[in-house]
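**Q** Protein sequences, first through last, are from chains A and B.
The opening residue of the first sequence carries number 1 in full-length UniProt numbering; numbering runs sequentially from there.
The opening residue of the second sequence carries number 1 in full-length UniProt numbering; numbering runs sequentially from there.
Among the hints, a few may not be true.
One copy or any two copies: either way a pair holds, since identical chains are not told apart in the list.
[What the hints assert, rightly or not] No farther apart than 20 Å at their CA atoms in a straight line, the calculated lysine to any residue pairs in the SDA-like style are these:
{"no.": "1", "residue 1": "K9", "residue 2": "E160"}
{"no.": "2", "residue 1": "K127", "residue 2": "F517"}
{"no.": "3", "residue 1": "K415", "residue 2": "D574"}
{"no.": "4", "residue 1": "K352", "residue 2": "M496"}
{"no.": "5", "residue 1": "K3", "residue 2": "K245"}
{"no.": "6", "residue 1": "K587", "residue 2": "D574"}
{"no.": "7", "residue 1": "K143", "residue 2": "D574"}
{"no.": "8", "residue 1": "K106", "residue 2": "F517"}
{"no.": "9", "residue 1": "K587", "residue 2": "R185"}
{"no.": "10", "residue 1": "K3", "residue 2": "E159"}
{"no.": "11", "residue 1": "K106", "residue 2": "M496"}
{"no.": "12", "residue 1": "K494", "residue 2": "I102"}
{"no.": "13", "residue 1": "K143", "residue 2": "L584"}
{"no.": "14", "residue 1": "K583", "residue 2": "R185"}
{"no.": "15", "residue 1": "K3", "residue 2": "E160"}
{"no.": "16", "residue 1": "K106", "residue 2": "K499"}
Simulated from the structure, these hints should not be mistaken for lab results.
Here is what each chain is made of, one letter per residue.
There are 2 protein chains.
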Amino acid sequence: MSKRFYCGKLTSEHIGQEVTLKGWVQKRRDLGGLIFIDLRDRSGIVQIVFNPALNEEALKQAENVRSEYVLEISGKVVARDESTINNNLATGHLEVEVSNIIILNKSETPPFAIQDDLDTAEETRLKYRYLDLRRTPLQETFKLRHKTTQVIRNFLNEEEFLEMETPMLTKSTPEGARDYLVPSRVHPGEFYALPQSPQLFKQLLMVSGFEKYYQIARCFRDEDLRADRQPEFTQIDIETSFMTKEDIMEMMERMMKKVMKEVKNLDIQTPFPQISYDEAMERYGSDKPDTRFELEIVNVSEVVKDSGFKVFSSAVESGGKVSGLNVKGSASHFSRKDIDKLTDYVKIYGAKGLAWLKAENNELSGPIAKFFNEEEVQQLKTSMSVEDGDLLLFVADKTTVVYESLGALRLKLGKELNMIDESKFNFLWVTDWPLLEYDEESDRYFAAHHPFTMPADGDLDKLDTAPGEAKAEAYDLVLNGYELGGGSLRIYQKEMQEKMFKALGFSQEEANEQFGFLMEALEFGAPPHGGIALGFDRFIMLLAGRKNLRDTILFPKTASASCLLTEAPSTVSDAQLEELSLKLHLKK
Amino acid sequence: MSKRFYCGKLTSEHIGQEVTLKGWVQKRRDLGGLIFIDLRDRSGIVQIVFNPALNEEALKQAENVRSEYVLEISGKVVARDESTINNNLATGHLEVEVSNIIILNKSETPPFAIQDDLDTAEETRLKYRYLDLRRTPLQETFKLRHKTTQVIRNFLNEEEFLEMETPMLTKSTPEGARDYLVPSRVHPGEFYALPQSPQLFKQLLMVSGFEKYYQIARCFRDEDLRADRQPEFTQIDIETSFMTKEDIMEMMERMMKKVMKEVKNLDIQTPFPQISYDEAMERYGSDKPDTRFELEIVNVSEVVKDSGFKVFSSAVESGGKVSGLNVKGSASHFSRKDIDKLTDYVKIYGAKGLAWLKAENNELSGPIAKFFNEEEVQQLKTSMSVEDGDLLLFVADKTTVVYESLGALRLKLGKELNMIDESKFNFLWVTDWPLLEYDEESDRYFAAHHPFTMPADGDLDKLDTAPGEAKAEAYDLVLNGYELGGGSLRIYQKEMQEKMFKALGFSQEEANEQFGFLMEALEFGAPPHGGIALGFDRFIMLLAGRKNLRDTILFPKTASASCLLTEAPSTVSDAQLEELSLKLHLKK
Chain A
1 MSKRFYCGKL
11 TSEHIGQEVT
21 LKGWVQKRRD
31 LGGLIFIDLR
41 DRSGIVQIVF
51 NPALNEEALK
61 QAENVRSEYV
71 LEISGKVVAR
81 DESTINNNLA
91 TGHLEVEVSN
101 IIILNKSETP
111 PFAIQDDLDT
121 AEETRLKYRY
131 LDLRRTPLQE
141 TFKLRHKTTQ
151 VIRNFLNEEE
161 FLEMETPMLT
171 KSTPEGARDY
181 LVPSRVHPGE
191 FYALPQSPQL
201 FKQLLMVSGF
211 EKYYQIARCF
221 RDEDLRADRQ
231 PEFTQIDIET
241 SFMTKEDIME
251 MMERMMKKVM
261 KEVKNLDIQT
271 PFPQISYDEA
281 MERYGSDKPD
291 TRFELEIVNV
301 SEVVKDSGFK
311 VFSSAVESGG
321 KVSGLNVKGS
331 ASHFSRKDID
341 KLTDYVKIYG
351 AKGLAWLKAE
361 NNELSGPIAK
371 FFNEEEVQQL
381 KTSMSVEDGD
391 LLLFVADKTT
401 VVYESLGALR
411 LKLGKELNMI
421 DESKFNFLWV
431 TDWPLLEYDE
441 ESDRYFAAHH
451 PFTMPADGDL
461 DKLDTAPGEA
471 KAEAYDLVLN
481 GYELGGGSLR
491 IYQKEMQEKM
501 FKALGFSQEE
511 ANEQFGFLME
521 ALEFGAPPHG
531 GIALGFDRFI
541 MLLAGRKNLR
551 DTILFPKTAS
561 ASCLLTEAPS
571 TVSDAQLEEL
581 SLKLHLKK
Chain B
1 MSKRFYCGKL
11 TSEHIGQEVT
21 LKGWVQKRRD
31 LGGLIFIDLR
41 DRSGIVQIVF
51 NPALNEEALK
61 QAENVRSEYV
71 LEISGKVVAR
81 DESTINNNLA
91 TGHLEVEVSN
101 IIILNKSETP
111 PFAIQDDLDT
121 AEETRLKYRY
131 LDLRRTPLQE
141 TFKLRHKTTQ
151 VIRNFLNEEE
161 FLEMETPMLT
171 KSTPEGARDY
181 LVPSRVHPGE
191 FYALPQSPQL
201 FKQLLMVSGF
211 EKYYQIARCF
221 RDEDLRADRQ
231 PEFTQIDIET
241 SFMTKEDIME
251 MMERMMKKVM
261 KEVKNLDIQT
271 PFPQISYDEA
281 MERYGSDKPD
291 TRFELEIVNV
301 SEVVKDSGFK
311 VFSSAVESGG
321 KVSGLNVKGS
331 ASHFSRKDID
341 KLTDYVKIYG
351 AKGLAWLKAE
361 NNELSGPIAK
371 FFNEEEVQQL
381 KTSMSVEDGD
391 LLLFVADKTT
401 VVYESLGALR
411 LKLGKELNMI
421 DESKFNFLWV
431 TDWPLLEYDE
441 ESDRYFAAHH
451 PFTMPADGDL
461 DKLDTAPGEA
471 KAEAYDLVLN
481 GYELGGGSLR
491 IYQKEMQEKM
501 FKALGFSQEE
511 ANEQFGFLME
521 ALEFGAPPHG
531 GIALGFDRFI
541 MLLAGRKNLR
551 DTILFPKTAS
561 ASCLLTEAPS
571 TVSDAQLEEL
581 SLKLHLKK
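Isolated chain A, as found in the complex (with noise of 0.2 Å):
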């Protein structure tokens, strides 16, 4: 048997060598008593002829075969015919004479056809999932995931961190997401949680003096699944001991550097732009801007507040405020039909409606123009840089609607103004967060990363005199407007974590019973230290230009939940639920 090769590796070199092919039929076409073949494996593709002057057997063989069928040839590597050169196909100049076949394995016909574009339903997809891999843009994907995870790998390696793993089996803590539970037999009525993240082990690793930790972590969220969430992912999970934020930082831009190199030959420009979270809300309205492109947001209120418009100076006068897109040339393009559909669009983020000017001729015309005097409009003009043929779009509310409509509007308009260049990738760092976040219908504060994470130096007396006030000395990484992680320096004293809890509204023995375990570590000498956690299912989908999370994981879930392929989950045996001393408790 001739040595084995891949067929989508075979180049000119291999012309006239013998050689062997493992792989399915793509495609199979007969022509003039010729049977041709494309070959696939992992590496791609390359024609097989059989010939009945080479092998008249083989071509009798060959005649039985159909798609997906997986063969194991042997033949000769020859040089196509000028006027049959497929350059569609890396290989297409060349094709391998079969002198030898074996039929590996036969196949039914598949539900739908092994190619690059599909308009299958993905629940058919999904169902037969291993199949749907086959397909080139998901062998791709796959083989990208790879490649970033060594990089990362090497990198953290290189930087002396050690790979180490943490349990999947613990403890059921309360604050967070929801958990998803695992019974336990040996303790009846008892349960394990996996994790929602690594968090705890891995500070408890910094306690041990390891110093410097990672891990590509599975974590898992019971939470209603939305198109970029799905109950497991995966996290490349960082910790480290006595490093500085601009350290860590500093590190990780290093770390996408490589990455960015070494998977996509990108050169991208280091150290990344920073932005404060308050400033990141006040000009694009979200906690992760999407820089791809400009269309900011104005804040106007200083201009309008003592305007004749009332629903501007009213919401100015009650805390709110009044901020802007300045659509740039866009004032033809926009029909009031089409800003009527624009203010609908608002109207799904609380925004009570949508005001709007036009700048023709010099001036600024619209509905509510005639509220503003010379000087207000000349001062809008100048804070929007104002030109003719502008669209101005303004939303005066509460400050949480305004950020949220308006962020949501530059995100649409963006998109259907294509004003966004998909080949960038704009790295961010959104900084100086809040430590918490106020929660109207529960009536307490909540941690705005983790219950974990460093108040600002000098911000901690705030927790008992203006909690909402303090800051954390928390970074996020951003990409391209989606969260790629967060990061902060973690709370590393006994004192300062009570205290964070107890702003949390945890009784002393609320603290004690789920997180005594940490408070008693870091009586122990535990040394100051901070990380980070990136997710990484979603770093791949931006890398390999993906625009469903599902598409970089193997066997993904629906929305559902559900494994449409394993039909996971599924009910279990009596005994089974027995032996975990549960019964089901069903309603009607």
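Dock chain B against the given chain A, drawing on the hints supplied.
**A** Using the frame of chain A, we list chain B on its own:
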């Protein structure tokens, strides 16, 4: 601030240099107005000295410092006086004269000292695992674990394997060990299972054409724990298409050769010896023989089958066998009382007794000696290579009892008589496994490996006629008497898989319900494939020379599957149960 160095990495080269160190106080000694501290970080220890002549303020601060305080110091590296060199420390020939100290954190007195040897109860060490992990032997074990992981990954990456992540929330299948279940909130009454191994997913990846897969995968089994079991464990999981059994075994040998060289700096011999399952049982009474010492089991059934000793002759007559161990030169070391103890030991394994003979003065003596005629004695002496001074131990019973009891006795004697060279790493392949194992209790066959293992060439028909005699295309890798991992070629044709399920007593309906998706996948062009899974925790245990699997896992569970540190598992709230449509059903 001067550059930060690691304590353990300071060498003569650094003498005269200003350095910054960050670490933990191992020990403080006050002597002649000076304070000496052994400062420890993850690299090791160096002595730092506080001298009032240099900085009186620093010395004053050092007076408050106690064990396990976290310090940042800077100072100058100096050579120690000849007379004060500490040869027990890698850095014992130098010390750092402290010019500046920051106490980063304090520490309570730890519940046990951070030193290499400890007799603290394991419960205490597990409760304060983060302190136990500070000890050098554990630090070194996890550094070795990190390194081994990277060597294996690098090897597999070079072999063009793709690292791929399979799901953790999967489908429960009753075949195999007991699953850990995860209740679904979205699908009331339904459950996911945590994977016992990624077996089916990796096979599906072969159907997808990825061809070479690996994963360092977390797996879960809810079994009663033994010293070498944990509820969650890590497995080096490998699967390939188109490779022969020999290809796979040869590749694993190269991988192990590389690990042993890079991690232990040992050159090991390849190819590894191979032994069939039958021969392993016959010669070692074990399917995972420890070949670091001889003491092989000898089958003497043919010799004694007609002897006057009824226990022997009737064992053979009733289809069992008589086998023995020759404990060389030990006749005089074992009193009757000692042999009685060995008899009690083999009874644990179901043996009814232990017969013995001693070779003295060219004769065999002992209570049963009289039953053997001259020829039988001569044949015994020949077959067991008997010399004066040898002790012969025999078990006569059903074959399984003979194997189990003598296999266990062999290991016990090997240890007690110091026959084992602990520096050896003896790899061994065990091949030609039975495909199925008959279980008397449930009166059915079970898969000896798993139901996806390919029958040996030509043995498929035995599934109908003599299932117990069918062999498998399986190969287990054994190291020093531990099963490192099991591999096999897999069934890749639907008809064969159906036949296998039938042999295992599945109705077609049951087979379809549990494994329908696999059988369907085999219909769409599944390639020939096979692989192996290696128990990584156990491998690390052997590489690190540890005796306890818990020493190789950062946060291990106890024998009752509890985490003494976090107190998992624990009770959860009624609201959590309600959301999962579950009720506790506790026995009184």
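**Q** Which holds for K106 with K499 at a C-alpha limit of 20 Å: within a copy, between copies, both or neither?
**A** Between copies only: 18 Å across, 67 Å inside.
**Q** Quick one: K3 to E159, C-alpha cut-off 20 Å, is that within a copy, between copies, both, or neither?
**A** So K3 and E159 pass the 20 Å test across copies only (16 Å; inside, 40 Å).
**Q** One pair to classify: K9 and E160, alpha carbons no more than 20 Å apart. Within, between, both, or neither?
**A** between (36 Å within a copy, 13 Å between copies)
**Q** What label fits K587 with R185 when the C-alpha limit is 20 Å: within, between, both, or neither?
**A** Answer is between: at 12 Å across copies they meet the 20 Å cutoff, but 25 Å inside does not.
**Q** When no copy is named, should K415 and D574 be tagged within, between, both, or neither for a Cα gap of at most 20 Å?
**A** neither (52 Å within a copy, 46 Å between copies)
**Q** With identical chains, the pair K127 and F517 could be close in the same copy or across copies; at 20 Å between alpha carbons, which is it: within, between, both, or neither?
**A** between (44 Å within a copy, 9 Å between copies)
**Q** Is it within a copy, between copies, both, or neither that the alpha carbon of K3 lies no farther than 20 Å from that of E160?
**A** between (40 Å within a copy, 17 Å between copies)
**Q** Checking an output row: K143 and D574, CA cutoff 20 Å. Within, between, both or neither?
**A** Neither, since 42 Å and 45 Å both go past 20 Å.
**Q** With identical chains, the pair K494 and I102 could be close in the same copy or across copies; at 20 Å between alpha carbons, which is it: within, between, both, or neither?
**A** Result: close only across copies, 18 Å inter versus 69 Å intra.
**Q** Could you figure out if K352 and M496 sit no more than 20 Å apart (CA to CA) within one copy, between two copies, both or neither?
**A** neither (42 Å within a copy, 66 Å between copies)
**Q** Pop the pair K106 and F517 into one bin, within, between, both or neither, using alpha-carbon distances up to 20 Å.
**A** Answer is between; shortest inter-copy Cα gap is 17 Å, intra-copy 58 Å.
**Q** Within a copy, between copies, both or neither: which one fits K3 and K245 at a CA-CA cutoff of 20 Å?
**A** Answer is between; shortest inter-copy Cα gap is 17 Å, intra-copy 54 Å.
Checked against the numbered hints above, the structure violates hints 3, 4, 7, 13; every other hint is satisfied.
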